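Peer 1: These protein sequences, in sequence, are chains A and B.
With the working numbering, the residue at position 312 of the first sequence is 312, and numbering never jumps.
With the working numbering, the residue at position 253 of the second sequence is 253, and numbering never jumps.
Check before you lean on any hint, since a few could be wrong.
What the hints assert, rightly or not - Quick list of the computed label-pair ranges, beta carbon to beta carbon:
| # | chain 1 | residue 1 | chain 2 | residue 2 | range |
| --- | --- | --- | --- | --- | --- |
| 1 | A | Y146 | B | N222 | 44 to 50 Å |
| 2 | A | E5 | B | A25 | 51 to 57 Å |
| 3 | B | K217 | A | K212 | 43 to 49 Å |
| 4 | A | R307 | B | L20 | 50 to 56 Å |
| 5 | B | L20 | A | I131 | 55 to 61 Å |
| 6 | B | M202 | A | Q163 | 54 to 60 Å |
| 7 | A | R307 | B | I7 | 52 to 58 Å |
| 8 | A | R221 | B | G158 | 22 to 28 Å |
Simulated from the structure, these hints should not be mistaken for lab results.
Since this is a predicted model, take the numbers as computed values, not measurements.
C-beta: ideal position from N, C-alpha, C; glycine also.
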Amino acid sequence: MNNSELVQTLASILLASAPLMIAVCGEIITERSGIVNLSLDGTMLMAAMTAFVVGLKADNIWVGLLAAMAVGALFAFIVAFGSIRLRQSMFAIGFVLTLLGDDLSAFLGQNYTRIPGPVVKHFAIPVLKDIPILGPIFFDQDAVVYFAFLLVGLTWLLLFRTQPGLRLRSAGERPEAAFARGVDVNRVRYLYAVLGGALVGIAGAAYSLDIKIGWSDGHTRGLGWIALAIVIFGGWSPVRGAVGAILFGATKALATFLQRTFPEVSVVAFNSLPWLLMIGVLLLVSSEVSERLIAIAPRAAQRPLRRMLRVSPPRALGATFVEERTS
Amino acid sequence: MKTRRWITRIWPIVPILAALIVTSALLVLFGAKPGESFQAMFQGAFGDQSKTLSVLAFWVPLLFSAVGLLVTFTAGLWNIGVEGQIVMGAIAASWVALRLEAPAPLLITLEILAAMASGALWAGVTAVLKTRGKVHEIFTGLALNNLAIILTNYLISGPWQPPEGGTFRGTQPFQDAALLPLFANSRFSPLSLLLALVAFSMVLVALRGTFWGLKLKALGKNLRSAYLLGVSSEREMILAMMFCGALAGLGGAVRVLSWFDSLRQSISGGIGFLALLVVMLATYQIYWVPLIAFFFSAVLNGSISLQLRTQLHSSLGGILTGLMVLFILLFGDASKLGIGRKKEADEQ
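Starting from the given sequences, assemble the full structure and let the hints guide the process.
Peer 2: Below, the structure written as structure tokens:
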């Protein structure tokens, strides 16, 4: 592999990871507020189908994108409404929506499979794209990639450097305390569940309009679940989540590369890689295994290592919040 | 007072009707007449004897998984991995069918035992990763589902490919002695239904009448108080998962030994996910499970016939059942919606 080929591979990894980064950011915002939107896989399928079909009919990708955001927001709203207002299990609702999104997207998109449609245009950033090596990797990309990186930064800023972000996190960590300080916990949860859902919608649209152009049954199947796992791996932090998404993209690229280099090794080994990786990394960040690894490390390195490996979810994640009635 | 209770009772009909209306709207959107389409679905499910038998044949493995899931749901576990447990059961049964030779009764017994063991082990992995590794069972289950499907594809296109060359479609048909006795040239095996009814009764007794069932309930309701009561959460969780895995594996065996006659690429075809929906629609009540599973089987078989006749995508069946479950989940409980709540106010 020579230099330019390596640069090209790195650029294609970033492109392939970009929609996952967007979905991960969306779900992190939702989960930080205390709501688990398990419907990601179905949402992304519906959003991908909607973006393609609407974009094709309107002959405008932006209209398609908006429609996909609306679908993502709607699915997230159903999860939030069902758990907050109707006090039903958000896991059950999310799971049903996953299956429903899969079937609905197959049915509604049945006349639009495997046909050409609108495409996001490649967009190189002038000047920056001419920086050696970094230019072609980061700045000679599709708009989706720039948006994904921008979003990671914005999500981080929102969560950790703004007042609304503080309220968002307080709703997911200590809803009672937040409520006592005057935060309308459930309103915050509605707001960020829907916002996160809209972002997941963008991620779905990014597939059908850019990364994997067009529509077919089960177009993005499985990727929503991968995004959910990356949220955990990323410890509910957008930066770590982005790293996780890129690592996943890199593993896929690596698998393709290895497959070409060693055609005699069964394709099974490469296909199972993402799923084995999913179990492996979740085991690493949540179990005692990492504690043991940390114990072996030199004392000075233990603290940063623990920060790097161990994750803990928002305390009130998945728990419904019932306001205390004063009357 | 009485009318209110009556309303609460029949209320669940409303969300079901709503699901039918939304599905009809989708049909209209695609230029089909809802009445005719539903009738065609009914014809596709019960139009003649062979169709009815197909519905029965599809019902049995669905019932196995759904009944098993009642146990894991009672223990508060989300066994999404049930799909993979079905596939692993199918693989183990196929292994016995392809590799061993014995008189039919012995061979079938071995196949079934192998399938149950394999499904239980696959479920056990998820359970141990949860209790020891603290990895949520949804994610392990999902990853293991995909791994099981990848393994199937590998076996079909690799070591178990038919002698005439590898296709991605399936292994060669099993020897006759390996197959379950079928009813009148259909895909339905009465023996499998008998086994499913045994499984149903076992779970009914286990959950309602044994100390184990009580422990699982304690576990599902509140992990901490179960711990304080001395229920070993790890042991019961692993047992519950493996119990469900064994039943799902048995369902997988039924798929390869009666629905098909060989190991196929989409051997389960989503039966596990469907079973999860069945149990949710039954609101975790065991008596409803067989009825709803039968209804789902009819809807799915009907929608496949509908696709053959009208070119409408067969996902319509999934949409109808999915919407029913969603609407029942959201709006099925009249008291949570405030219907009939006035009663409390009256009493105050």
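Peer 1: Evaluate each hint against the coordinates.
Peer 2: Verification of the hints:
1. A:Y146 x B:N222: 44 to 50 Å: holds (48 Å)
2. A:E5 x B:A25: 51 to 57 Å: At 52 Å between Cβs, range holds.
3. B:K217 x A:K212: 43 to 49 Å: holds (46 Å)
4. A:R307 x B:L20: 50 to 56 Å: holds (54 Å)
5. B:L20 x A:I131: 55 to 61 Å: holds (60 Å)
6. B:M202 x A:Q163: 54 to 60 Å: holds (57 Å)
7. A:R307 x B:I7: 52 to 58 Å: Roughly 56 Å apart at Cβ, these two residues keep to the hinted range, so it holds.
8. A:R221 x B:G158: 22 to 28 Å: holds (24 Å)
Every hint from the earlier list agrees with this structure, and none is contradicted.
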